[in-house]
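> Each chain, letter by letter, is given below.
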Amino acid sequence: MSALIHGKTGDWEIVIGMEVHAQVIAHSKLFSGAATDFGAAPNSQVSLVDAAMPGMLPVLNEKCVEQAVKTGLGLNSEINLYSRFDRKNYFYPDLPQGYQISQFQFPIVGKGAVEINLANNETKTIGITRLHLEQDAGKSLHDQHPTKSYVDLNRSGCALMEIVSEPDLRGPEEAVAYLTKLRMILRYLETCDGNFEEGSMRADVNVSVRKVGAPYGTRCEIKNVNSLKAVQLAIEYEAARQVEVIEEGGTIKQETRLWDPVKLETRSMRSKEEAHDYRYFPDPDLLPLVIEQNFVDRIRETLPELPDQKMHRFMNEYGLGVYDSSVLIMERARADFYERAAKGRDPKLTANWVINELLGGLNKDGKSLSESPIAAEQIGELVGLIEDKTISGKIAKDVFAEMMKTGLSPQKIVADQGLQQVTDTGAIEKIVDEVLASNPDNVAAYRAGKDKLFGFFVGQVMKKSQGKANPDAVNELLISKLKAE
Amino acid sequence: MTSDLTRLTIAQALESLRKKEFSAVELVTRHVRKMEQLRPLNAFITETAEQAVAAAAESDARIAKGEMRTLEAIPIAMKDLFCTKDIKTTAGSHILGNFIPPYESTVSQKLMDSGTISIGKANLDEFAMGGSNTTSYYGPVENPWRSEKFPDKKLVPGGSSGGSAAAVAAGVAMAATGTDTGGSTRQPASFCGIVGVKPTYGRCSRWGIVAFASSLDQAGVFAKNVEDSALMLEAMSGHDVKDTTSAPQAVPNFAALLKHDLRGVRVGIPKEYRVDGMPQDIIDVWEKGASLLKDAGAEIVEISLPHTKYAVPTYYIIAPAEASSNLARYDGVRYGLRKEGKDLAETYELTRAEGFGAEVKRRIMIGTYCLSAGYYDAYYTKALKIRRLIANDFTEAFKKCDVILTPTAPSSAFAIGENSDDPIKMYLGDVFTIPASLAGLPGMSIPATLDDQGLPLGLQIISRAWDEVGMFRAAYALEQALNFTAKPALAKVAA
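Those protein sequences? They're chains A and B, same order as listed. Residue numbers are given in the numbering used here: position 342 of the first sequence equals residue 342, and the series is strictly consecutive. Residue numbers are given in the numbering used here: position 317 of the second sequence equals residue 317, and the series is strictly consecutive.
Chain A with its partners taken away, still in its complex shape (with noise of 0.2 Å):
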């Protein structure tokens, strides 16, 4: 779908600006020492603060900071050095103290700017407004009793960095690169795991729509998108409806819209009128947030290698081209394997291996890069058996096929099975004398000027090496003799 919808009246441009939270990788809360691993029993990770206890305080816990710090710079945002926590007032029963402690007027991280990739190798700079630290709320289970709700309060105070865009998306297609891209630093940074399946990235879309060149429109703030899939599917949905009010003569209220992923369609949650007054105050039991330029400066010399950086090297180091690199880069993992495969090997090659044949088989057998059954360096060994002409990129590829079941070196599959490639023109010659003896006619045709028959003398002296004879020296060999009168 283009960023443009074609109306009764015109086109009309799409305005998406992005909530995004991202769960904290840390191993304690916010603001208490409970534990947050994913899919523990239920209310088994809950401190007395989390369950706000009478007379229980919060303590900040430095490593959520560390990493909204380290964020803040993974995104070119500016580092605020005074930040303060606030309170955000309501009720609800997975909420224990009436408020979520919350950053509001003053964030740890301000402006910044992420650059995503679209269609046709163009990049886009997406700005970002701000990025705060706040607790997140626990669950409310409604489908464990026929008249009670449930709460599990395990994720009640884990740490949050929302992370609020410009609206600078257009269209479906960016909002899901800017997810994409965004999701993508944040695991390179360990700071998120970027899991929306178990929560751990969740996004709020505020879509608007305007003929191009007018003002922005009326906003709507979509909730519960769970997917890149749903990202885009509710986009194009209330982009539509909203163009379709305009256009039968209505207004677009400001309100927030629930996405329903069976129904497929955006419904109304509540009007900006019947919104929440949150209240929101300094949060007196915590002092404001002070960090040390220094404190920030060390952080920054942790940081990794990100996404651009690493693309813009893959293709002026190793020559990959636009389509290798992006794939490579997608995981930090999975460019660290990729460049200890390539060490020292044809890094175009290796690229090949690595995507082709390493990523597409786990693929097919549903294994991630860390259960791959073969080692980086396995690969570039292979690489190098192909380089060096021990073996033919076809034997290389039954090689492989071993490997993935065995996990054993290919040094040691080529040796056991007698897999080196044949170099000895002698022996080659001899097969290729006995291909032209057996097959008189073919050689007469071929002599006769059917060139096509070149491919039936190389497969069968192929056959009969059983794959092992070097094809250059086939080839040459077949040239000479057949050419002999």
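Hints listed in this document are in silico derivations from the structure and should not be mistaken for laboratory results. For glycine and all other residues, C-beta sits at the position ideal for the given N, C-alpha and C. Possibly wrong hints are sitting among the right ones.
Derived, one-sided and incomplete: chain B residues facing chain A with beta-carbon distance under 7 Å [as the list claims (entries may be wrong)]: (1) 208; (2) 215; (3) 243; (4) 334.
Starting from the known structure of chain A, fit chain B onto it as the hints suggest.
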């Protein structure tokens, strides 16, 4: 040694225990018995006599082994705002009527570690909101003192720490914990004729104290004299990693430092504290206090705290605002009272309607209003600015003086029920204590005289932040000079 163990000071009792003139069990049992005799005061919500006597036996074992701790076996009352492990903690509220904490507050733990023995959880205004101890769900506390003019009228002990103050004044406990948000320790100390101390904000950990207004709440202490209060405060103080608003400040040996002459000390008298309609008795004792300090070698200087008149309204925006949020956790979902409704909203409504008393509801509503969109800047933001100006007033004043002397309260104890229908009048009872609270400064009240009704009046000493030593020195010198020895008769109460 005095024959009545309940008349001893902490310092005297420790000396006698050390000399084995009586046992810890005798000391504690005697106080427990007095607590039982004086139940009509309603000073306690929960009595813990059994645990107290058992702890006293352990104290005797320690004393026998020569392992006596600094406050070994001293019977104290614990304001029922401090969470105490396995002992019901109500905050004076119906909503926490069944709440038994699985944890011990930092301050009560420190006191236990120093050897003190709690004989019970002292009554208080609900969630520490009040100045008369009449808002408690568990009934009003009676002041052990009676007016000579109206001897049949029961009087309030002040509040919010009314039960603690009454217990110490009546000799039921040798000392007690209080909390002080806007005067909740100093004002009842004044009403009950005892010493009450609020340290610098951040001196004691708030961890485990049921929160009222977090930016103002501090643990406080009641004792019979300045030295005892210094001993207690030292045991309660110190940085706590579990409360990030507690300060990493060294704790001086307050009791050892307080006997110090006042030569060269400048005592400020704030002119703005001379409020309209203040009883002559209070003006007189204030002047007497100043002249006694002068006699003791101090220099008396007039100072100005120009924003004083805004302190009470500022406090009654900030404290309710914080309280409205702090009390949101009492929703009937996880602990405490729960009144089942037909849906979630009704359950909240029924639970909180029944669980909270009128004064708490009033403050939640005031606080919610002040923080609401459209009113926030006019009330809350403005109050924060004035709070800063009030703090600046003190900073300026302390360039000219070292401690400040003021009356503690604008009146002596009044009758139970009086002022109850006039919250503003009740709120003005904290007019002299609130400014130091807003500025986070230490302040203490010492008993100074009896007024024309024979009721105690206190004087307040305020010092710079973290200068409790200076405060204690001035208070000790004043205490020596005033030589206040009156005790409540208790005849009416015990009858």
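> Where does the structure disagree with the numbered hints, that is, which hint numbers, in rising order?
Hints that this structure does not satisfy do not exist here, as all of them hold.
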